[in-house]
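There are 2 protein chains.
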Amino acid sequence: MNKIDAQTKPAIMSGVLSPVVTPFKADLGVDAARLVKQCRWLLTQNCGLAVFGTNSEANSLSVGEKMDLLDALVGAGLDTGRMMPGTGCCSISDSVALTSHAVKLGCGGVLMLPPFYYKGVSDEGLYRNFAHVIEKVGDARLRVYLYHIPPVAQVGISLKLIERLLKDFPGTVVGIKDSSGEWANTEAMLKNFPGFAVFAGNETILLKTMQGGGAGCISATANINPAAIHALYANWRDAGAEAAQAKMNDLRAAVQKFPMIPALKQAVAHYGNDPAWERVRPPLVELTAEQKAGLLGELKARAFAMPGLAG
Amino acid sequence: MNKIDAQTKPAIMSGVLSPVVTPFKADLGVDAARLVKQCRWLLTQNCGLAVFGTNSEANSLSVGEKMDLLDALVGAGLDTGRMMPGTGCCSISDSVALTSHAVKLGCGGVLMLPPFYYKGVSDEGLYRNFAHVIEKVGDARLRVYLYHIPPVAQVGISLKLIERLLKDFPGTVVGIKDSSGEWANTEAMLKNFPGFAVFAGNETILLKTMQGGGAGCISATANINPAAIHALYANWRDAGAEAAQAKMNDLRAAVQKFPMIPALKQAVAHYGNDPAWERVRPPLVELTAEQKAGLLGELKARAFAMPGLAG
Numbered sequence: 000m001n002k003i004d005a006q007t008k009p010a011i012m013s014g015v016l017s018p019v020v021t022p023f024k025a026d027l028g029v030d031a032a033r034l035v036k037q038c039r040w041l042l043t044q045n046c047g048l049a050v051f052g053t054n055s056e057a058n059s060l061s062v063g064e065k066m067d068l069l070d071a072l073v074g075a076g077l078d079t080g081r082m083m084p085g086t087g088c089c090s091i092s093d094s095v096a097l098t099s100h101a102v103k104l105g106c107g108g109v110l111m112l113p114p115f116y117y118k119g120v121s122d123e124g125l126y127r128n129f130a131h132v133i134e135k136v137g138d139a140r141l142r143v144y145l146y147h148i149p150p151v152a153q154v155g156i157s158l159k160l161i162e163r164l165l166k167d168f169p170g171t172v173v174g175i176k177d178s179s180g181e182w183a184n185t186e187a188m189l190k191n192f193p194g195f196a197v198f199a200g201n202e203t204i205l206l207k208t209m210q211g212g213g214a215g216c217i218s219a220t221a222n223i224n225p226a227a228i229h230a231l232y233a234n235w236r237d238a239g240a241e242a243a244q245a246k247m248n249d250l251r252a253a254v255q256k257f258p259m260i261p262a263l264k265q266a267v268a269h270y271g272n273d274p275a276w277e278r279v280r281p282p283l284v285e286l287t288a289e290q291k292a293g294l295l296g297e298l299k300a301r302a303f304a305m306p307g308l309a310g
Numbered sequence: 000m001n002k003i004d005a006q007t008k009p010a011i012m013s014g015v016l017s018p019v020v021t022p023f024k025a026d027l028g029v030d031a032a033r034l035v036k037q038c039r040w041l042l043t044q045n046c047g048l049a050v051f052g053t054n055s056e057a058n059s060l061s062v063g064e065k066m067d068l069l070d071a072l073v074g075a076g077l078d079t080g081r082m083m084p085g086t087g088c089c090s091i092s093d094s095v096a097l098t099s100h101a102v103k104l105g106c107g108g109v110l111m112l113p114p115f116y117y118k119g120v121s122d123e124g125l126y127r128n129f130a131h132v133i134e135k136v137g138d139a140r141l142r143v144y145l146y147h148i149p150p151v152a153q154v155g156i157s158l159k160l161i162e163r164l165l166k167d168f169p170g171t172v173v174g175i176k177d178s179s180g181e182w183a184n185t186e187a188m189l190k191n192f193p194g195f196a197v198f199a200g201n202e203t204i205l206l207k208t209m210q211g212g213g214a215g216c217i218s219a220t221a222n223i224n225p226a227a228i229h230a231l232y233a234n235w236r237d238a239g240a241e242a243a244q245a246k247m248n249d250l251r252a253a254v255q256k257f258p259m260i261p262a263l264k265q266a267v268a269h270y271g272n273d274p275a276w277e278r279v280r281p282p283l284v285e286l287t288a289e290q291k292a293g294l295l296g297e298l299k300a301r302a303f304a305m306p307g308l309a310g
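First to last, the sequence lines map onto chains A and B. The first sequence: position 281 = 280 (numbering that gives the first Met the number 0), numbered continuously. The second sequence: position 302 = 301 (numbering that gives the first Met the number 0), numbered continuously.
Bear in mind the hints are in silico, worked out from the structure with no lab data behind them. All of these numbers come straight from a predicted model, not from anything done at the bench. Treat each hint with caution, since some may be false.
Derived pair list, reagent style DSS-like, types lysine-lysine, alpha-carbon separation capped at 25 Å [stated by the list, open to error]: (1) 118(B) with 291(A); (2) 256(B) with 118(A); (3) 118(A) with 118(B); (4) 291(B) with 118(A); (5) 135(A) with 24(B).
Between the sequences and the hints, there should be enough to build the whole structure, so can you do that?
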């Protein structure tokens, strides 16, 4: 995929993207060099870069840290057209600043959480949030992918809100990541909004999502299993698709026996031969020795590998 | 109350504090001049300044905006010893930066939310969050008041976590605002931690909190009813305390018929004769015309006033 020309609206994104795990230094500062290396590896696996997602510990990073990391990725020459950074913050001023930064750097899109501190807010209030950000950013290149993850954010994005945003911001609000965990919701999005790029929130529903006309998936486990997930994305019409889906579901289920973010980082640390990756920022904690042994046992039992990651 | 000497550890705070509502300009930028005026009025009502609380729309403000507002309050000569700004953010780097800023300005304390994006986190992870912030700020003047508000933040502060923090950071972790809405929890804090400054999360339990040895209250409605709440705080042993408690409960119940933050701002706008105060940031929305009429009707029926606010 080519880099986006600065004057061109980015193409609608598709395929498999990873909410890239974020490496930290011993003092818990962000580690740009390691993130660049990881992103470069993910791109070799046909995996796009949904940096600053939930599994990136994005909400444990400041806006300034996110801007610096994005500068580092772009400065390293990675393909901006494959970047969909998370830019939705609790504060509308933060969301404007971070989204503007991403668009100016030429990112293919942004993945936007709703503001998530205040609970029980109205669709009208959420509409105003997204509308204000889009208008303040004021850049025709902006492509917004909404981020619906009520189990974590508690504040969700309803079908009615999507309908209103699509009507008022056609070509700008172009897709969604649905991490509701409810297939009926994903299905409704696929059916109700033709042309809307619906990304499955994890790969366990990738085949169904593709069969329903979806755009792909953005999944935690794409951090460690990107090639297999991309293969199913690319070959979902093939005879072996059901078996491929079952196999990756089994791997995800094994990882999910442990706290997801520390487990992903443990896998990257182990298979990349780089223990620094084990670090997480509070309020998360790394795996215990017992959990670590358990996870690595599960992975070995499946002959799991991350080719090309080490060295 | 005198200003805090820069080299002295601030006194443990007590009394009534308001999570001061935050005024916005027409472009939704923060309005420092109006905030200074409001805070000055609150101080005349014996009300401390818990700026950047939930009812301040604090989590709709960026860290930079909060720092600028705090600079404006201190620059205007308001009593820093009466300031307890909210400084707990999702990102540990933000919490460190904002807390450091508040301490350097001489604030009497800070009110610290736990990081609230990731759900189901462990006490160990939350402990590490607070410990890291305290150690990174590294200033003997720091006084931390924890902020327990599970109905909104979803992430709470357990009794066990308080116990551990008190043991490891005596004189630094000194109090809490309990907005759990569960009296049994407030009561347990009062009983288990002698000397710990327990603030009721709203004035409906102020009398009980004072009877139990509490420090006072930090309440949304202190934005509009500070003098009465302070009078009960100061005179809770008096014969009329039960009646005073009942009267302020009735006022709060009337306001709570409407969305709290827009209702508080509507009251300030109306009684301060300054419609600019009606503005809220998304995802909140201002009261509808019908809600506004309803609120003002409830207040008039109670001969409500905010003496000295207008002009």
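Item to check | List of violated hint numbers, smallest to largest | outcome: Failing hints: none at all.
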